[in-house]
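**Q** Those sequence lines, one after another, are chains C and Y.
Numbering follows UniProt numbering, in which position 164 of the first sequence is assigned residue number 164; successive positions increment by one, without gaps.
Numbering follows UniProt numbering, in which position 129 of the second sequence is assigned residue number 129; successive positions increment by one, without gaps.
If you are wondering where the hints come from, they were derived from the structure by calculation, not from laboratory data.
Ideal Cβ positions, reconstructed from N, Cα and C, are used throughout, including at glycine.
Treat the hints with care, since some could be wrong.
Derived list of chain C stretches under chain Y, where covered just means 3 residues or more per stretch with a C-beta under 8 Å from a C-beta of chain Y [to be verified]: (1) 82 to 89; (2) 97 to 107; (3) 132 to 140; (4) 173 to 180.
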Amino acid sequence: MATALAKAADGVQAVEHAARIEHVSKSFAGPAGQQLVLDDITLDVAPGEFVTLLGASGCGKSTLLNLVAGLDEPTAGSITTDGRPALMFQEHALFPWLTAGKNIELALKLRGVPKNERHGRAEELLELVRLKGAYGKRVHELSGGMRQRVALARALAQESKLLLMDEPFAALDAITRDVLHDELTRIWSETQLSVLFVTHNVREAVRLAQRVILLSSRPGRIAREWRVDIPQPRRIEDAAVAELSVEITEELRGEIRRHGQH
Amino acid sequence: MASTDSPAARDGVKDGAKHSNDLAGLEAGLDALESVQTGRTPFRETLVKKILPPLLAIALVLVVWQALISFKIVDDPTKLPSPSDVWGEIEDAWLQGTLLGYIWTSVSRGLFGFLLALAIGTPLGLLVARVRFVRAAIGPILSGLQSLPSVAWVPPAVIWLGLEPEMMYAVILLGAVPSIANGLVSGVDQVPPLFLRAGRTLGATGLRGAWYIVMPAALPGYVAGMKQGWAFSWRSLMAAEIIASSPELGVGLGQLLENGRNTSSMSMVFLAILLILIVGIAIDLLIFSPLERRVLRSRGLLVKS
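In isolation and in its complexed conformation, chain C is listed as follows:
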């Protein structure tokens, strides 16, 4: 798989990437002057690739995602994406004044999909996340897992080449999270989507990704990167997943320990 991926990344020129992050730094004005949050991040996401960004608090992983989403500007460096990326948050961020179906239709409408196609397309997307029949449901009538699936369907409605996910399953219970991991892997493998997934959960990162990138904290730098060759669909309990998770966790702990030494 690693070679196939390298081929995908090398074979085609500069345009062929879902996201290209080049020497990106970001600092915010803090109480102690300018505070560097991200330091010289360079990272490509190939078309169809699933990458997780892993790090402890303060590594700026959410900041990086916001930059890629275009919600904020980098202090230095450049970010190019193939079209506007879709973004999923830890909270479902569904609009409570609309039904599940209408939430999806709003995304279609804002993308310029003609009115007569929207309803059918929304139903299709709901079916893709296995929520057939939830079209008329209000957000508060859905469970946490269902809400995140509707949010996923809404993100997919944007037909972006790149889906950014900011710890989207962190607030869910373990069983629901496992199921959504399976769903996400299934949908990712059925579509041409590239995913950049932020998490602080090592096993989740290994469960999902083809490539795990570890960020150091304060400022966030790329510390190390792993290719995950375990075949999908994986399970979070798989021995291979656990084995790699142990290795990555050790590295992550090392990164965290460095901060206690000053």
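Using the hints provided, position chain Y relative to the given structure of chain C.
**A** Then chain Y, alone, in the frame of chain C:
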């Protein structure tokens, strides 16, 4: 699942039909277990919990009132008429065909004035909420105006506009516009930033963001402002009608009250007060409360009590 034209990177994904079915079943089970059942309360429960208590309270007031008369605790019809006197007054007005006329004169003024206030208060509220300079300039005045009793506007309104209907509308506007605008401002302020970010990633920026995200998200605050705006419209109108009566203005409920005072007819005064109260409550119960409940229920914000 992994079709031939999908990127080579996906070859690792095994086609597991069984796995997929298992997953669907598991998911359906989770969905069924975790979905919230929402339903409407049965009518009987509404009757016992919502309708009966206020009716009992009214009955109690009537009993106490009648007792004050019967036991001659207050023995002066010019101070306190008996319930039956007031009822007689209602009957007389009804038989003369004037009762609905009084009510309609005031209600039509009140509602028209309210709609006018809505038309002015809405854009004003949006400006204050969205334009920083406007907010700094008139925001505090707007919220301060809410605590100014609208009766204070009656004398200047009479001087500026004379004893004309315009005078009444001016008083209503000065009372209701700040409420409506402030409601909208607080509604917009309370829009969760997450919705704005989500909207921006979906492509709702600028005016489209205002229309598709900010306005609907601010609706609960706006409706609360409307509700208060109606209460202020009605109060302002009554203040204007009581103070500034003139034959050209016709007899609304406020004038009825003032006429009662002038003719020392306490039962007419009571009739007028009752009607003012009932109309104010009725409009709220018939229009604004259902509207508010609908907005809140559809968002799951209505807490069952």
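**Q** Work down the list of hints and note, for each, if the structure agrees.
**A** The hints, checked one at a time:
1. 82 to 89: holds (count 5)
2. 97 to 107: holds (count 4)
3. 132 to 140: It holds: at least three residues are needed, and the region 132 to 140 of chain C offers 3 whose Cβ sits within less than 8 Å of chain Y.
4. 173 to 180: holds (count 3)
Violated hints are absent here; each numbered hint is respected by the structure.
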